[in-house]
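There are 6 protein chains.
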Amino acid sequence: MSWLPSLKTETPEEGYELAIMLSRMAVKKTQPDDAARERMRPEYANDPANLTQVSLVVATNFQTVAAANNHWR
Amino acid sequence: MSWLPSLKTETPEEGYELAIMLSRMAVKKTQPDDAARERMRPEYANDPANLTQVSLVVATNFQTVAAANNHWR
Amino acid sequence: MSWLPSLKTETPEEGYELAIMLSRMAVKKTQPDDAARERMRPEYANDPANLTQVSLVVATNFQTVAAANNHWR
Amino acid sequence: MSWLPSLKTETPEEGYELAIMLSRMAVKKTQPDDAARERMRPEYANDPANLTQVSLVVATNFQTVAAANNHWR
Amino acid sequence: MSWLPSLKTETPEEGYELAIMLSRMAVKKTQPDDAARERMRPEYANDPANLTQVSLVVATNFQTVAAANNHWR
Amino acid sequence: MSWLPSLKTETPEEGYELAIMLSRMAVKKTQPDDAARERMRPEYANDPANLTQVSLVVATNFQTVAAANNHWR
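So the protein sequences, as listed, match chains A, B, C, D, E and F. For the first sequence, the numbering used here assigns the number 66 to the initial residue and increments by one for each residue that follows. For the second sequence, the numbering used here assigns the number 66 to the initial residue and increments by one for each residue that follows. For the third sequence, the numbering used here assigns the number 66 to the initial residue and increments by one for each residue that follows. For the fourth sequence, the numbering used here assigns the number 66 to the initial residue and increments by one for each residue that follows. For the fifth sequence, the numbering used here assigns the number 66 to the initial residue and increments by one for each residue that follows. For the sixth sequence, the numbering used here assigns the number 66 to the initial residue and increments by one for each residue that follows.
Just so you know, the hints here were simulated from the structure itself, not pulled from any lab data. Take these hints with a grain of salt, some might be off.
Since the list can't tell identical chains apart, any single copy or any two copies may satisfy a pair.
Subject to a maximum C-alpha distance of 16 Å in a straight line, what follows is the list of computed EDC-like cross-link-like pairs (lysine to aspartate or glutamate) [to be verified]:
no., residue 1, residue 2
1, K94, E82
2, K94, E79
3, K93, E103
4, K73, D112
5, K73, D98
6, K94, E78
7, K93, E75
8, K73, D99
9, K73, E103
10, K94, E75
11, K73, E108
Every value quoted in this text rests on a predicted model; they were computed, and no experiment measured them.
Work the whole structure out from these sequences, hints included.
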């Protein structure tokens with residue numbers, strides 16, 4: 066089964082969760098080694114600058130998901 | 066209750082507040098440990114480069130919220 | 066009175082000024098301490114890398130304002 | 066044959082793979098030396114900050130692909 | 066007279082020049098001291114990372130100008 | 066003759082090449098000294114972080130070119 070069958074979600078909140086998943090997937094596809102990602106996790110989640118950039122990625126993906134859902138209008 | 070029931074807001078100012086909330090939520094979802102975020106807070110809010118990037122995240126989310134509200138036309 | 070009653074402006078130039086105001090507001094909301102922002106100001110305005118990023122934030126907000134004004138067509 | 070005959074894909078998942086390909090192509094066109102890119106690979110894939118930025122690039126290209134596919138509506 | 070009477074340009078090339086002007090204006094408005102900007106100029110124009118970011122700002126502003134001109138269709 | 070007579074291209078691949086040209090032009094306009102750019106080239110093309118950002122610039126310009134071509138629909 067596809068990990069991304071559709072960009073449609075029931076609610077904005079689920080759309081935001083999908084944006085987070087899209088953001089993490091690119092990291093996983095670039096660094097497929099689970100152990101390597103696990104080793105980076107503490108640095109990833111404890112560096113303010115990185116957390117801000119993660120938020121920028123989520124915001125960019127959320128634009129896509131929101132548009133695909135016609136902003137849940 | 067959902068933390069994001071809708072992207073609709075009454076006014077542009079409320080839309081801007083929603084953009085800030087969206088920006089912070091991605092940080093919280095990436096680093097869910099409240100104490101860890103609290104420890105980063107001084108660095109987060111006192112580094113000019115980070116503050117500029119935070120503003121970029123808010124600007125990106127504000128694009129989404131403004132579009133969802135048809136720019137409050 | 067609201068600091069952001071509307072995204073509509075008479076001219077592109079006023080729209081650009083609004084984009085600057087939107088960019089600064091996110092910094093102010095993240096670091097509400099006036100004295101702290103004042104202390105960062107020299108670093109903020111004298112670091113080429115930061116100035117470039119500030120310009121990116123303004124460009125992003127200007128996209129929103131320009132779209133809200135139908136690009137002043 | 067073209068490496069990019071179309072932006073159309075059957076599914077969102079294939080669209081995401083296309084976004085990754087677009088993201089890598091710019092690196093390849095900027096640094097066409099395969100050996101040079103290979104030497105950078107460990108640093109590229111093990112620096113949390115870089116991985117986050119890679120995810121931002123993919124998100125930006127995914128916006129384009131999703132729009133080209135009418136968000137797979 | 067306004068420095069930005071309109072986003073309309075005759076040609077894409079003039080639109081690109083306008084995007085560069087928009088990008089520089091935000092720097093000027095953030096650091097209005099001409100001498101300070103002049104001192105930063107060598108660092109600004111000789112740091113590869115900064116030049117890349119300048120190009121990102123121009124690309125973002127060019128999106129706005131191109132949309133305002135209906136992509137010169 | 067103009068270096069940018071139009072944003073229209075025959076194919077997506079040519080559109081991607083145009084996006085690369087747009088990305089490089091901003092660097093050239095900011096640092097017009099050919100020798101200076103040449104000196105930066107090794108650093109520019111061998112720093113993973115910079116290559117990722119170059120890819121972000123290309124992605125942003127590709128959005129513009131793709132939209133101008135109606136995504137080659």
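Going down the list of hints, with the structure as the test:
For the homomeric pair K94 and E82, the shortest alpha-carbon distance between copies (9 Å) is at most 16 Å, but the shortest distance inside one copy (18 Å) is not. For the identical chains of this complex, K94 and E79 are inter-copy neighbours only, at 13 Å across copies versus 22 Å inside a copy, given an alpha-carbon limit of 16 Å. Only within a single protomer do K93 and E103 lie at most 16 Å apart by alpha-carbon distance; the minimum there is 11 Å, versus 19 Å between protomers. For the homomeric pair K73 and D112, neither the shortest alpha-carbon distance inside one copy (32 Å) nor that between copies (32 Å) is at most 16 Å.
For the homomeric pair K73 and D98, neither the shortest alpha-carbon distance inside one copy (30 Å) nor that between copies (30 Å) is at most 16 Å. Taking the shortest Cα distances, K94 and E78 sit within 16 Å of each other only across copies (13 Å), while inside one copy they are farther apart (25 Å). Taking the shortest alpha-carbon separations for K93 and E75, neither the intra-copy value of 26 Å nor the inter-copy value of 22 Å comes in at or below 16 Å. In the homo-oligomer, the alpha carbons of K73 and D99 never lie at most 16 Å apart, since the shortest distance is 28 Å inside one protomer and 31 Å across protomers.
In this assembly of identical chains, K73 and E103 lie within 16 Å of each other by CA distance neither inside one copy nor across copies; the values are 30 Å within and 35 Å between. When the C-alpha separation of K94 and E75 is checked against a cutoff of 16 Å, the pair qualifies neither within a copy, at 27 Å, nor between copies, at 20 Å. Neither within a single protomer nor between protomers do K73 and E108 lie at most 16 Å apart by alpha-carbon distance, with minima of 33 Å and 36 Å respectively.
The structure does not agree with the numbered hints 4, 5, 7, 8, 9, 10 and 11 stated previously, though it agrees with the rest.
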